[in-house]
Amino acid sequence: MSIALIAIISVGVLGGFLGVIIGIVAKVFAVEVDERIEGVNDLLPGANCGGCGFAGCTDFAKGMVAESATPDQCPVCSSEDVKNIADYLGIVAEEKEKKVAVVRCVGDAKNTVRSLYNGVRDCRSAVLVASGAKGCDYGCLGFGSCADACPFGAIEIRDALAVVHPDLCVGCENCVAACPKDLIIMAPASADVHVYCNSPEKGAAKRKVCKTACIACRKCVKASGEEDHMLVDGFLIRTNYENPPAAELVEASACPTTALRQASKQAAGAYEGVSE
Amino acid sequence: MSATKEFTKGLWKDNSVLVLLLGMCPTLAVTSSATNGLGMGVATMCVLMGSNIVVSFIRSIVPKKIRIPVYIVIIATFVTIVDLLMQAYAPTALYDALGIFIPLIVVNCIVLGRAEAFASKNGVGKSILDGLGMGLGFTFALVALGGTREFLASGSLFEVKLIPGWTTDFMLMTSAPGAFIILGLFLAGMNALNIRKAKRERTSYKPAGLDCNSCNICDMTEK
Amino acid sequence: MGAQEINIPKLGLFLGVLAALAAGLLSFISTSTASAIKLNLQAKTNRALGQVLPEFDNTPGEEIITLRSDLGWPVKFYIGRKSGEIIGYAGEVITPEGFSGDITVMVGLELDGSVRTVIVTANTETPGLGTAITDRKVQKTIMDLIKGGEQVAGLAPNTYLDWYADKKAGSDRWNIVKEGSAVNGKTGATITSRAVGGAVHAIGKTCLANLIQLSKGAE
Amino acid sequence: MSETDSKPIIQMPDPAKLVVSNSPHIRSGENISKIMFIVVGAMLPACIAAVLFFGLAAIKVLLFCVVSCVLIEEGWNKLVKRRPTWKDGSAILTGILLGMNLNAGAPWWICILGGFLAIILGKQLYGGLGSNPFNPVLVARVGLLIGFPELMTTWDKPALGIMKIDVLTTATPLGLAPGETFVKDVLLGNTGGCLGETSAIALVAGGIILLAFKLIKWQVPVAFLGSVFVITGIAHVISPETVHSPFIHVCTGGLLLGAFFMATDMVTSPMTRKGALIFGLGCGVITSVIRLWGTYPEGVSFAILFMNALTPLIDRVSISKPFGYTVLEKGGAV
Amino acid sequence: MSEKPRKFKGGVHPNDSKALSALKPIQDAPLLESYKVIMHQNIGAPPELVVKKGDEVKKGDLLAKASGFVSVPLHAPTSGTIKMIDKCPGPTGISIPSIEITADGEDEWGDTFEVIRDWKNTGSEQLKQRVWDAGIVGMGGAGFPAHVKLSPPEGKTVDTLIINGAECEPYLTADHRLMLEQGEDVVQGTAILARALGLKSAVIGIEENKPDAIAALQEIAANYGVEVQPLPVNYPQGAERQLIYAITGREVPIGKLPMDVHCVVQNVATAVAVADAVVKGRPSIERVTTVTGKSVVEPGNWRFRLGTPVSKALELVGGVSEQPAKLLLGGPMMGIAQSSLDVTVMKNTSGILLIAKDEASLYTSEPCIRCGRCVECCPMNILPATISQAVENKRFDWAEDLNVLACIECGSCSYVCPSHRPLNQHFKRAKIEIQAQLRKKK
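Chains A, B, C, D and E, in that order, give the protein sequences.
According to this note's numbering, the first sequence holds residues 49 to 324 in order.
According to this note's numbering, the second sequence holds residues -12 to 210 in order.
According to this note's numbering, the third sequence holds residues 702 to 920 in order.
According to this note's numbering, the fourth sequence holds residues 90 to 423 in order.
According to this note's numbering, the fifth sequence holds residues 152 to 593 in order.
If you are wondering where the hints come from, they were derived from the structure by calculation, not from laboratory data.
As the structure is a computational prediction, the values presented were derived from the model and not from experiment.
C-beta atoms are modelled at their ideal positions from N, C-alpha and C, and glycine is treated no differently.
Don't take each hint at face value.
Under 7 Å between C-beta atoms, here's a sample of chain A residues computed to sit facing chain E [claimed, not checked]:
1. Ile85
2. Asn89
3. Ser163
4. Gly167
5. Val168
6. Ser173
7. Ala178
8. Ser179
9. Asp185
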């Protein structure tokens, strides 16, 4: 048993000695780290999308702890997540309306005039050649630069047209910068009805190149009544996102070019376009 | 998380070898045959469960500053116990094959990783399940790797020749490059399966432990 | 949260007690498995000796003569006896010339010093390559399992090791074919072949040089 | 009406059928398959020499390799849903080169396994043609060498004539003791070795074809062969009894095959001329080191694979300064 | 400077196909019923409109005046009525404002500029002003206002004027014909430009594949103190930097202008326009353009007025014999592909080219096999293959490190690429992205 005893004593003493050393070192070289950063980081979704304006979730967490950012800046967090973080940090969370991306064009391959483009399959490169070779100077090129930029897979390219899935979109705005035609806007998630056209040209010129362009016939304006749901902007109608219309407006207005659509139904592929 | 989930996560979703890429040293070194893989897997599983139990027991009284040394001591103790027990009671051939790798379980990051990431935060029951699941997942991965390599090398499995006419061994598979190649193919297959599943469910697949800047697997899911 | 209190004595005490506990546990297990491990090792040596020596009835593992080869390697000779008569020697040497580390070679020798059987008891050679030289392994096939046939007892053949049987070590070591001599070397495992050949030669030569001493036994 | 009738009908282009693309709008006649098939053509002399010396066995090996490479490539394309690529000729070329790296007596399954290693492991897993960091053929050769060391290092002894009854095996000249090989045999190809390393003359002829079509940079073979010649030459002068003459070193052991057809593989060698020179020198030095001090008698494959790994680095250091480069202007647009 | 010209590194030798139109004399295009003059025909700011719908204009009258220093005025190509001011497809594919003039058939000159006969004794400021007033831009393709190049900014001096008669683009013969038929104008214009810069002499660089033009100009040039320098045939010999190097041996630093090495380069057609403006008092309202292509019935060189639609130009040459693959404004190496026949001849339209299906280069983006041909032929000595891969991976910072900003978009790399990769498009993209980044930083 003496060997066992020697082992126990020597190892025990060694352990104790090392423990003391660790303690001393920990005390001498202590680094002040705000543990809240770690805590906040754990509460964040970890998407690293950059939608908050920081270089990633950890950076954002640092920003929040340093009070240079607020939890509601995270586009991915649900309101519950935001509240959790706010509670953790002991601040009051602001309610922020969730935003989703809207691609303001529904000129897909069937409904638009386009010439034969041959080159890099990327919108930002394609726009350098004959401005993208689409009949409409303002329309979606459909090469999916926005879909590439989306970290959440919320944009789908269907028939050479970018379609946003509002349920997957978290509003990080990465796609907005990616679109060379500046087609994508961030609209409140509560607004489901959008005018899917961004061409300021005259109606006739638009019709020549695209069957689904908004020709500013104002049927929707009339159908929406007196309440300013729809705004007239030159040869284009826009949704008033301050006061968005109800989903029924699409049915009621019977848009002749189907440029007025519901985002949710658009994502589900419910619209066929105009067949004349 | 339910108890079943604690158990099953280690088998596939968070498989320590095929998903988390932990414990590469034993994975690559001992999987030249299915038998070796099984032995190493079971030995690691024993250590993992033992350390998980003890760490989980003492988790509330361990001072934070010395938790890592404490875990190391516990793990090292268990490894030595396993080593001695194997030397005494396991078949000689198995001990000969695994002998030099058993002490290496001490620095197998799966064991320390589970102690730090799971057992130190959860109760004993859950920790046992976690250790068992992770250990089984590890064993499964090692046996699969070892079996594949053994079969590709000589057409045998658990040292039983399945294809009698196979006379010339393909030594690339039993050597270290073969280990890397087969592991790589396993990982690719694993990702392919997960991506296909994610596509079917229209979600994006994000491998554990990878951040969005380092790979584009999610993009692949969506196209 | 907040500033962390570091209680140095507590840390030391905790780690010390834990380490002591671990050491206690280990010494207990170590003591209780010691005999089994020793038996295991002995069994291993005996199994090896059984393979290289003719049938014996003493415990050669306890009758050992250690000599030096001309290269200075220690060669262990186990003496095999039957009814007190010496019936053969088993020489064991560890050669450092292996491709990936030491190779332990055991050679059973007749009384006149000619080689009887060669086995390799420990090696870390490349599986499938170097081990083709060193291993005597019976390959079971699926057919054997299905038929459930009895395994043939005895030593599995290995062309490379069996080549040395009935040969006496000359003054020069056995060179492999590629180097212009007769040892059957394996292509791709030249180094292993050479190392095993060298070890067998060292044992054989040491035995021949010390036949008289060996014939007297260890006493 | 009468006025329009008298005018000749002028056919105008249909704007809807006009393609828009970025400049330039014309192109030289080059394409990948043309390049590949010229290289295949350059392999022909060596193939013919192989058939002359090894007979039907050589044709069998070559055929097995080509067919298995093409089928495996197409199988993979099917699996990962890519369009067929065999027409670009790269798989055919890989097959021929693989066959040239095998023994005439190689069994059929070696060819198929080699095809698998080359196409899948060497090329497709990295993303297909153009993305592979290592020469696929050499990946296969080294894989087989590690996998079947015995099979891959015994060679059929060549003899003129198509039909062979008896096949003798022999070691590669570099595996024999110095002085046993005759210069004439080496030049014509009457020595042991894989299909593509026996006839020095045929290989050089192929290399000249490649150079004439400007498909390879002369810097690679010249630097490669030159450095091996110089280093083994020095070693030969120092100890003629253990080291072959530099001439034997250059003409055997797959060095010519490697220098003209393997090291010059476009995908895995540097793009700049300066880089090609560094690459060739590196290959030569490593080959010589392996041959003189290593355990393998040849070493060309390992040298090229090693330099393949360094190619991105070489590309990086060998960038020449752009026209009009001045340090001050770097990185700044005006 | 009669020493042998230096050969720049790289370059390609495409089949020049100039024989189609090289022997066809320049013809004057008949007057059309209407012209659509695109407002923005120069690099820099668009000019300001000075007419409105319904206005009567005479030939050469001002339609729009310069809106700044880097901007040139626009003049009426014929007499008639301003029909409408609307949008018309521009060469880049985007519709741009344009002025449609209905011709009255009179083709009557309005009050044009005073003729400067004695330009040899006229001050350089006055000559420069005339070049500006006449709305002259670089007619080789870029459309850079000519007067800006004649006005070196503070601290920069010019010692060499080079007139670019290389015409290295395949197919195009407009400059070649100009030099043959209007050699006097070319040389005179050159001398005027030299005077405007305060120089005594100038060099006209011509590729050796136009020996008749070299001979013709050499005869005249001596009278004006202008030199003619034959140049080796190698595309892109006519690129500014390569031309300056060939003639003077100076390398223009990346990101700098020819003026930084004391050189000014003007095109042959610009010289003719300058001569017209000074000696004849005419603004820049027409230009010589080659209409050619394998599928064109009668290729030729025509003097078109600005605003002539391509469809009308094609009618003049008898249309096409088969459907072409591409319609280009400019040469095949650097020209811009069009998808509409409504685009019009502009000041910098040196050619209207129809590329036949069998010679059209379609990009397929096969994987790069790193053959290095692009590296060999790049006249700027950069690594096109590597840069294009960086761009494909959206690593514009790598592209910048690899000096993509030095690229002159000559298209040599895409021309030789056996993988048919759209290298040039990648570089264009990279340059735009990098410049956007730099602007953001500022």
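Checked hints:
Taken as an interface hint, A/Ile85 does not check out: its beta carbon lies about 29 Å from the nearest beta carbon of chain E, beyond 7 Å. Given hint, A/Asn89 at the interface with chain E, is violated; its Cβ is 27 Å from that chain's nearest Cβ, farther than 7 Å. This hint holds: A/Ser163 has a C-beta 3 Å from the nearest C-beta of chain E, less than the 7 Å allowed. The interface hint given for A/Gly167 holds, since its Cβ lies 5 Å from the closest Cβ of chain E, which is under the 7 Å cut-off.
Because the beta carbon of A/Val168 sits about 5 Å from the nearest beta carbon in chain E, less than 7 Å, this interface hint is met. Given the 7 Å rule on beta carbons, the hint for A/Ser173 holds: about 4 Å separates it from the nearest Cβ of chain E. Taken as an interface hint, A/Ala178 checks out: its beta carbon lies about 3 Å from the nearest beta carbon of chain E, inside 7 Å. Annotation: interface hint on A/Ser179 holds; nearest CB of chain E at approximately 3 Å, less than 7 Å.
Evaluation of the A/Asp185 hint against chain E yields a held restraint, the C-beta minimum of about 5 Å falling below 7 Å.
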